[in-house]
Amino acid sequence: MSLLVSYLEHAVAVFPSLLRGAVITIEVTTFAIFFGLIFGTIAAFGKLSKRSIFKVPSIVYIDFIRGTPLFVQILLFYYGIPGLITAATGQVFRIDPIIAGIVVCSINSGAYNAEIVRAGIKSVDRGQMEAARSLGMTERQAMKDVIMPQAVKLIIPPLGNEFIALLKDSSLLAIISVHELSKNGMLYVSKTFAAFPTYISVALVYLALTMGISRILAYVERRLGVSDRSE
Amino acid sequence: MIEVNNLHKHFGKLEVLKGITERVEEREVVCVIGPSGSGKSTFLRCMNLLETPTAGEIRINGELVTDPKIDINKIREEVGMVFQRFNLFPHMTALKNVALPPMRVRGLSEKEAYDRARDLLKKVGLEDKANVYPSSLSGGQQQRVAIARALAMRPKIMLFDEPTSALDPEMVGEVLNVMKDLAKEGMTMIVVTHEMGFAREVGDRVLFMDEGVIVEKGTPDEIFFNAQNERTKSFLSKIL
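Here the protein sequences come in this chain order: A and B.
One point on numbering: in the working numbering, the residue at position 13 of the first sequence is 13, and numbering is uninterrupted.
One point on numbering: in the working numbering, the residue at position 2 of the second sequence is 2, and numbering is uninterrupted.
Extracted from the complex, chain B is given alone in its bound form:
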């Protein structure tokens, strides 16, 4: 479903990604872990071209998205993204946050879009917050709205960039539960996260990144309990 081949990304002189090659199959849930500055967010952001790769190829469903001639917006319609800081639109209600993108991008009628948005808010357990503005929602609620908003585009792939890192501990669970449901429905997901419980329960594979490369990969249990690489071990000893 996603094929990444020798992906490089430079920011000026700084080389953040130093040749990433990886495949993600349909319905697979892949968790990416690694220290800050290891390039894991950049890797994720390259998938929907929020960062333009310096070199290398990314194919999504066989389509070469790194081709400069490709319509970026078409790719992004298929690839949903959830951010660490939620990035809800503060001047719109939760419902409108979810309804606006499919109206603008997919050309849905207002009624279709709002019906879809209501269904999605229900799915993330926030149907009673439809008419509330983001600033009146807790972090966990905001993140669930953000997930609903991404889902409103009916993406085939969902990218999560540390979705629980900005949350108070008591709100992490509600967001992870929504993500677990998604995984069980068969959504293809790439999740940058340090939530080991989540990775073990729904993750098919874990990638450990450091200094712009994938250092080690394997099943969650292999990585978390039987890491082979010294850097992986040292990192895990700090977070577990």
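Okay, chain A solo, but in the shape it has when bound:
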């Protein structure tokens, strides 16, 4: 009984710190979703392009990011690259951990988004582009008015999964002491050794956040579904 009471006390005590951490987690995730979408869309069109100056860099980017762990990417970006710059210029160079976290998460998420966007565009029936082009529309007009509106409906659900993964993966930023949700949990445990109540609280806050994202996405899907009379 006393154990339960002490666990509850810890859970209550750690909660404000977890909320502050959650704000950072949300902040990093929101920026990373935003920039990740931009990177992903650019890389998707790059990979779809027939011209190798767009295609090759996109493929290299996507393959490198998807083929290496996010954890290593974080270390490389936060320690590796500033270290390289410092060594090369002789001046100490540092990056703010939160900025580094946003940049790495954006780049990482962008690579996965690229494949989602590309797959969505590719799965729109070829006849749609042909019909649009046969009517004299340019490739750009056809993409904007015909292909993308159909592709978006295919893209949104897997993109949602990607956002949820991104939110959870942002916990890895604890290693570069971004004071997000997990890091704040770890700091509390290091002072109190109350691992179970702290980490279960951390887990539950993540759960609440991911469920929130799911809700928002379900709403967006429903809204888009309004005009979805296809098939």
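Hints listed in this document are in silico derivations from the structure and should not be mistaken for laboratory results.
Certain hints may be false.
To be verified - Over 10 angstroms on every C-beta distance to chain B, these chain A residues come out as not near it, computed from the model:
id : residue
1  : 20
2  : 64
3  : 146
4  : 203
Claimed, not checked - Heads up, simulated DSSO-like pairs for lysine-lysine below, C-alpha to C-alpha not over 30 angstroms straight-line:
id : chain 1 : residue 1 : chain 2 : residue 2
5  : B       : 123       : B       : 111
6  : B       : 74        : B       : 238
7  : B       : 180       : A       : 122
8  : A       : 55        : B       : 69
9  : B       : 217       : B       : 184
10 : B       : 13        : A       : 47
11 : B       : 13        : A       : 55
12 : B       : 13        : A       : 50
13 : A       : 55        : B       : 74
14 : B       : 69        : A       : 50
15 : B       : 123       : B       : 96
16 : B       : 180       : A       : 144
Where a beta carbon is used, it is the ideal one built from N, C-alpha and C, also for glycine.
On the provided structure of chain A, position chain B as indicated by the hints.
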């Protein structure tokens, strides 16, 4: 109106068109028949450069459309195309399907485009379906909307790629009737079709294609009832 001179098309090693030479005059309706894989669809798709010819020339109204420097979109504005699978835009109403291309390509105002679209839907007998999405339309209705959409660009030539092949039998007639009206108005048409009744009623000529060449051509009656070539006879015996 259309002059095709020694047209070749390869897909990799496969030679689909092996030198097609043909003329289509203004107001003429030409039906193309032939077994699947004979190159008739490819021939049609070369006319508006959905396929790029490997060699040979195509002139439309004297303009060399196979010239790599030509603005493809300008050609396509003049050449309407109707597909076997309709290819309507599923996320737009029937009306918007018809109105969008002239707005985007011809720069029509929204009002002009929608007025034109309404007139065209009326012409194909679907004015009551203006605000319906394609998935709620039957195949025959979808194909009629697709014809209206092509006509909205006011093309000088219409290409039909097996327009009734994907339709249930009871819907074939409504689509053919729209096409017959068009032919009577003097539209220049090239139609890949096996509808003999249509070919005989409105077709001026029939081309029989096989293995990438035009094997035989003549009036519909000549081809359907008095074919000279063995391959033509053998093909017709299978479809008639």
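Output the numbers, in ascending order, of every earlier hint that fails for this structure.
-> Numbers 3, 6, 7 and 16, in rising order.
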